[in-house]
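K.L.:
Given next are the chains, with one letter for each unit.
Number of protein chains: 4
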Amino acid sequence: MSIKSDEVNFLVYRYLLESGFQHSAYTFSQESHVKHTSINSTQIPPGALISVIQKGLQYVEAEVSIAEDGTILEDAPPLSLID
Amino acid sequence: MSIKSDEVNFLVYRYLLESGFQHSAYTFSQESHVKHTSINSTQIPPGALISVIQKGLQYVEAEVSIAEDGTILEDAPPLSLID
Amino acid sequence: MSIKSDEVNFLVYRYLLESGFQHSAYTFSQESHVKHTSINSTQIPPGALISVIQKGLQYVEAEVSIAEDGTILEDAPPLSLID
Amino acid sequence: MSIKSDEVNFLVYRYLLESGFQHSAYTFSQESHVKHTSINSTQIPPGALISVIQKGLQYVEAEVSIAEDGTILEDAPPLSLID
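Chains as they are written, first to last, in this note's numbering: chain A, 1 to 83; chain B, 1 to 83; chain C, 1 to 83; chain D, 1 to 83.
Hints in this document: simulated from the structure, not taken from any laboratory.
Honestly, I wouldn't trust all of these hints.
A pair holds if it fits inside one copy or across any two, identical chains being indistinguishable in the list.
To be verified - The calculated DSS-like cross-link candidates involving lysine-lysine, where the alpha carbons are at most 30 Å apart (straight line), are:
hint, residue 1, residue 2
1, K4, K55
2, K55, K35
3, K4, K35
Isolated chain A, as found in the complex (with noise of 0.2 Å):
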């Protein structure tokens, strides 16, 4: 479950190119030298970066909706990405 640099910056690289951000995505790829790493990108699903942070969110959300003993808080409040 570790998280590799080079892959997050893959995921971003990708990010950048599927969301229309061509400067960006050049940029980036020059200053991350995403594209000399060992990833084999035919193993990216397209948004997978926005993928797995909506599971991300949903760990945190099922964190936040469970009580110490185990019951299910119904009321637990909508989470967002950034609050």
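Starting from the known structure of chain A, fit chains B, C and D onto it as the hints suggest.
P.N.:
Using the frame of chain A, we list chains B, C and D on its own:
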């Protein structure tokens, strides 16, 4: 739990800045107009993007390690961000 | 015959664009605010920067090939932009 | 008196650097591979691009102010880089 693109962009921008990708951060700030969003940047802790990605991986790992009947699989393989 | 920095920037911007340096052109347009100048871009012919540089070299070459007494030196060496 | 594109690129790169356009200078250095040329950068004086542009303008001004019969036109209009 919805993710707004402004929020993802802000996390990405902060990641670029914090990781020392200064030219990418500049270009992305221009291309995404991320500085013109209403996000209160003081609310974003350092390392926020990596933190939420890690939680996303934990979520996936939890899914993988629980069988359909609810039993916990002891020998679930470790996950990596990209595999 | 004065040169305003806005004018130099505009020539440089057009050079970047015309030469296919699209990412540099984008970043420079953002960093220099060159698009917000009052320069009428329709007045700039293609290749303007290279054209004026060539004329600058011709000027230097003329200076070098004319002796102080006004005679023309036949064997003045060819100039290059950088030497 | 020929201009090589490598030489123009080098002058432009130095102009970007000297003028404080650090992000443009970075992107241009990557996109043009200007650092991989054989140009001896120690030979380029500061302000070289502006200097050669000024000389180019002087050349044009001289052309404009001399009539076909060789007489000097006293009332030649001042030139600007862009007009």
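K.L.:
Now, for every hint given, state plainly whether the structure supports it.
P.N.:
Status of the hints after comparison with the structure:
For the identical chains of this complex, K4 and K55 are neighbours both inside a copy (18 Å) and across copies (14 Å), given an alpha-carbon limit of 30 Å. With identical chains, the CA atoms of K55 and K35 are at most 30 Å apart both within one copy (26 Å) and between copies (26 Å). Both within a single protomer and between protomers do K4 and K35 lie at most 30 Å apart by alpha-carbon distance, with minima of 15 Å and 28 Å respectively.
The structure fails none of the hints (numbered hints given earlier).
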